[in-house]
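Read left to right, the sequence shown gives residues 0 to 159 (numbering that gives the first Met the number 0).
The set of hints was computed from the structure by calculation and includes no laboratory data. Fair warning: this is a prediction, and the values are worked out from it, not measured in the lab. Incorrect hints may have been included.
[Said to hold, decoys possible] Quick list of simulated restraints, FRET-style, between CB atoms:
hint, residue 1, residue 2, range
1, 156, 117, 19 to 29 Å
2, 41, 157, 17 to 27 Å
3, 94, 157, 29 to 39 Å
4, 151, 58, 15 to 25 Å
[Stated by the list, open to error] Mimicking DSS-like on lysine-lysine, the simulated pairs with C-alpha atoms at most 25 Å apart in a straight line are:
hint, residue 1, residue 2
5, 86, 120
6, 24, 156
7, 35, 138
Just so it is clear, CB atoms sit at the ideal spot from N, CA and C, and this is done for glycine as well.
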Amino acid sequence: MLDTGIQEFFEHASFTLISEEEGWKGATLFISYDDKNYKPIASANTQSIYGYVIESTDEGITVVLRFGKLDVMNPTVLALVGKEIIKFQDAKLIGKNKYQLIDLIRGQEGTKKYEHTSGEKFILLDDSIISFEVQEGRKFYLKAVTYGDSLENTKTKIVN
Numbered sequence: 000m001l002d003t004g005i006q007e008f009f010e011h012a013s014f015t016l017i018s019e020e021e022g023w024k025g026a027t028l029f030i031s032y033d034d035k036n037y038k039p040i041a042s043a044n045t046q047s048i049y050g051y052v053i054e055s056t057d058e059g060i061t062v063v064l065r066f067g068k069l070d071v072m073n074p075t076v077l078a079l080v081g082k083e084i085i086k087f088q089d090a091k092l093i094g095k096n097k098y099q100l101i102d103l104i105r106g107q108e109g110t111k112k113y114e115h116t117s118g119e120k121f122i123l124l125d126d127s128i129i130s131f132e133v134q135e136g137r138k139f140y141l142k143a144v145t146y147g148d149s150l151e152n153t154k155t156k157i158v159n
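Whole structure, please, built from the sequences with the hints as guidance.
Structure, rendered in structure tokens:
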């Protein structure tokens with residue numbers, strides 16, 4: 000979480016909704032501070048473009064996408080790679096769902112530059128990202144309930 004400094008007792012959290020299910024139609028994100036009383040805070044019907052790093056070199060980072068495609072004609076965008084936010088200015092499709100990201104600008108949005116390893120997550124930071132305020136210093140619980148499912152059937156994500 001990044002501290003926005005907007006209010007003394009709140010900070011922002013950002014999450015993305017992804018699914019391995021074919022034909023996923025969306026979900027509603029619920030929050031609770033006691034793991035009993037949940038309230039809806041956002042809904043999304045598009046999931047993020049995401050995948051994994053398969054190689055990192057001085058020339059760039061190679062990723063394989065599990066969902067979505069990168070717009071190679073307009074790639075100047077931000078992405079979360081592991082815990083670092085990068086901007087890439089060129090993306091080349093080099094295989095099925097495999098892209099080489101080059102002309103990188105590293106350590107964006109206050110994150111630190113570091114060496115990436117195979118298997119790290121890659122998430123394109125676009126309008127599918129859900130941001131919301133949380134009470135600073137408090138543990139909270141999230142459930143992303145797929146449309147047509149219930150709170151009771153959904154796993155809880157605990158955030159400290």
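Is 17 to 27 Å right for how far apart the beta carbons of residue 41 and residue 157 are? 18 Å, holds
Within 15 to 25 Å: is that where the Cβ-Cβ distance between residue 151 and residue 58 falls? Once the Cβ atoms are compared, 49 Å apart, the range 15 to 25 Å for residue 58 and residue 151 is violated.
Taking the CB of residue 156 and the CB of residue 117, does the distance hold inside 19 to 29 Å? 25 Å, holds
Sort out whether residue 156 lies within 25 Å of residue 24, counting only the CA atoms. The given pair, whose Cα atoms are some 21 Å apart, holds under the 25 Å limit.
Is the straight-line distance between the alpha-carbon of residue 86 and that of residue 120 25 Å or less? 15 Å, holds
Is the Cα-Cα distance between residue 35 and residue 138 25 Å or less? 13 Å, holds
Would you say the C-beta atoms of residue 94 and residue 157 sit inside 29 to 39 Å of each other? 37 Å, holds
The structure shown violates just one earlier hint, number 4.
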